[in-house]
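Start from the sequences, fold in the hints, and give me the full structure.
Each protein sequence line maps, in turn, to chains F and Y.
Going by my numbering, the first residue of the first sequence is number 1, and it counts up by one from there.
Going by my numbering, the first residue of the second sequence is number 381, and it counts up by one from there.
Honestly, I wouldn't trust all of these hints.
In silico contact screen, one side only, chain Y against chain F (beta carbon under 10 Å); selected entries [as the list claims (entries may be wrong)]: (1) G605; (2) L608; (3) G613.
Hints listed in this document are in silico derivations from the structure and should not be mistaken for laboratory results.
For each residue, glycine too, the CB sits at the ideal point set by N, CA and C.
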Amino acid sequence: MPEKTENLRPEEKRTEGLLTEELSAGYGKRVVAGGVSLNVAPGEVMALIGCNGAGKSTILKTIAGQLSALFGRVCYLGQDRETLTAGERAKRCAVVLTDRIRPENMTGRDVVEMGRYPYTGCFGLLCDADRERADEAIRFLLAQDVADRPFAELSDGQKQRLLLARAVCQEPRILVLDEPLSFLDLRYKLEILERIRVLAAARHMAVILSVHELDLARQVSDVLACVADGKITRVGTPEEVFADGYLLRLFNLPEGALDGSTGLIRLPGVKRKPEVFVICGGGSGLPVFSRLVRLGVPFAAGILPAHDIDYPAAKAQAAVLVELPAYGEAGAEDLRQAEKLIDACGEVLVPLETFGPGNRWQKELADYAGKCGKEAPCSV
Amino acid sequence: MTNVRKRWIPVLTGLILALAALAFWNLYAGSTKIPVSRIFAVLSGHTADESEAAVILKIRLPRILCAMLAGGALSVSGYLLQTFFANPIAGPYILGISSGAKLFVALVMIAFVSRGIALSACAQVLAAFAGALLATGFVLLISLRVRDMSVLVVCGIMIGYAASAVTDLLVTFADDSNIVNLHNWSQGSFSGLNMTDAALMAAFIVPACAAALLLSKPVGAYLLGENLAASLGVHVRWLRVALILLSSLLSATATAFAGPVSFVGIAVPHLMKTATAEARPLVLIPVCFFGGAAVTLACDGLARVLFSPTEVAASSVSAVILAPVVIAMMIRRKGARSA
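Put into structure tokens, the structure is as follows:
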């Protein structure tokens, strides 16, 4: 059910970036993805998200020309890629794939310098300007520390930074990245993410990438394109795509397994008769929830208004949640419901430390638990 | 970085010096003792003794040139094959390509000789080329099915054995006296080659090596894998065809004249890569050529003098010297993989 098969942008931008029209991608006669119409303007980052095997890599490989299009066309800067020479294509589009390479006797710098291929002469000799570009790219991708070591001996993350530097050194207008953030540790994920934004913003590249981490996809991309079963099912800004729980359907996730505002995933809680009641709010409940989920203990939580930081997690992980509308106040009915749950539970945890007019009902609940002798020390 | 990058210069210089020294040694050594001074006299054209001049100019010099050309060709052929398969355990001999060439030369030779036609050297090269291409085609067919290089090498060795066995059979049952030469040749030897042979070898090998050198830019990109190479603008399919044609032509030419010379194609490129720490084909192709030339010339020299006056096949010497290199290389590679 394609809801918006094409992200509409001003017409003049279409000719400058990357455009695919009704593209079918696959291997031989086997069509993996079809009807792919995407448009990435210069300065824009588009992330493809979707399950494993949905066709993201196949689409990217077809855009980069590793696979030939079975149907439809791919345009680089307004020109059909089939009408361009190999050299022109290489100057317009660079790609980082997930292939593992083990070149003998090559340093990281040698690999990066190969990005100058479309610009060098018949023997591929580099001039000083080429070396300067390579050096710049290495510094830009923070790969100085590993550039002069043998490429084959580097870790996957180090190789990834060098391969990205190689693509940047190619000075393309379009950058195709297949899972560029895999293998990178947290620091480099963050730094490379930022670099990708810079490439788009400062160098006006049209960037299309696939990424598995939704939280990162949300932060890096201007446009998200959802891929499911070889179709583009939704295209839009991250805010649009994350709305109305669409991603849960895209990834076949149970309710609450994905935080809609950040894109982070969480383990689902045990949905049985609750054994523990958590009186929480303002973020105090989050570590307690994680611990209970980890231990496999079904729990109830309350009484939380819908705007509380604890609310999304409680909604997803608690077996029972006594909830209020946002900025609502608990009435006698809510209190009675919570007290009944406390009666049924063997233990009550109160990570909440501050009580005030905004949550005075929590104080009443805590007192009630104390009276019943069920309040347990809440050590996290 | 810069000091590593320049290592090829001393290596190449050393190889050329070694080649010159080996060439001189090969001129000097042999059953007919000719003093050094008279060798120079013959080379500079002031000759007194006709028979000495004949030994040097008609027997030893062409043989030296042929050994150098064949060795260089085999080594470059091995380098191109290793690049093609993205694997150092590849070479014209080990993949059965030399033996395929040998079989075809024997077949054509016997067919012609039995009809009373002497086989021209050029036809011999063409036959060898056809045989080399057939054997390569066979290896390629297998490589489409199995990605495992060790399976490929075993298949290559099997093809080599089968082709050699058929050649031996042909040689054994061929009754013509001309075929006696064939026996010598099929063992991998440079004996009996003349200046015309050397010129013809050069006519095939020099352009083929030059073509390989012209391909050094795309070959360099191909080292990063075919997908990346394609994204950089390399026409990968053409490049692959060119690599196969050139490597087959080079090993076929060497085989047509000298028979299969074992392990030069696999061991020398490996030794040269280790010595220079280089990946650039523009550097490695010439280095491999001179390395192969020097190693083969040394092997041929040893083949002549070791059991003098009895001569052994150059291929036997190269097998004894280079097999340990190949084994060491495989062990190192296995070790690197498990690490």
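Taking the hints in turn, this is what the structure says about them:
1. G605: holds, 5 Å
2. L608: holds, 7 Å
3. G613: holds, 4 Å
Every hint, counting from the list given before, is met by this structure.
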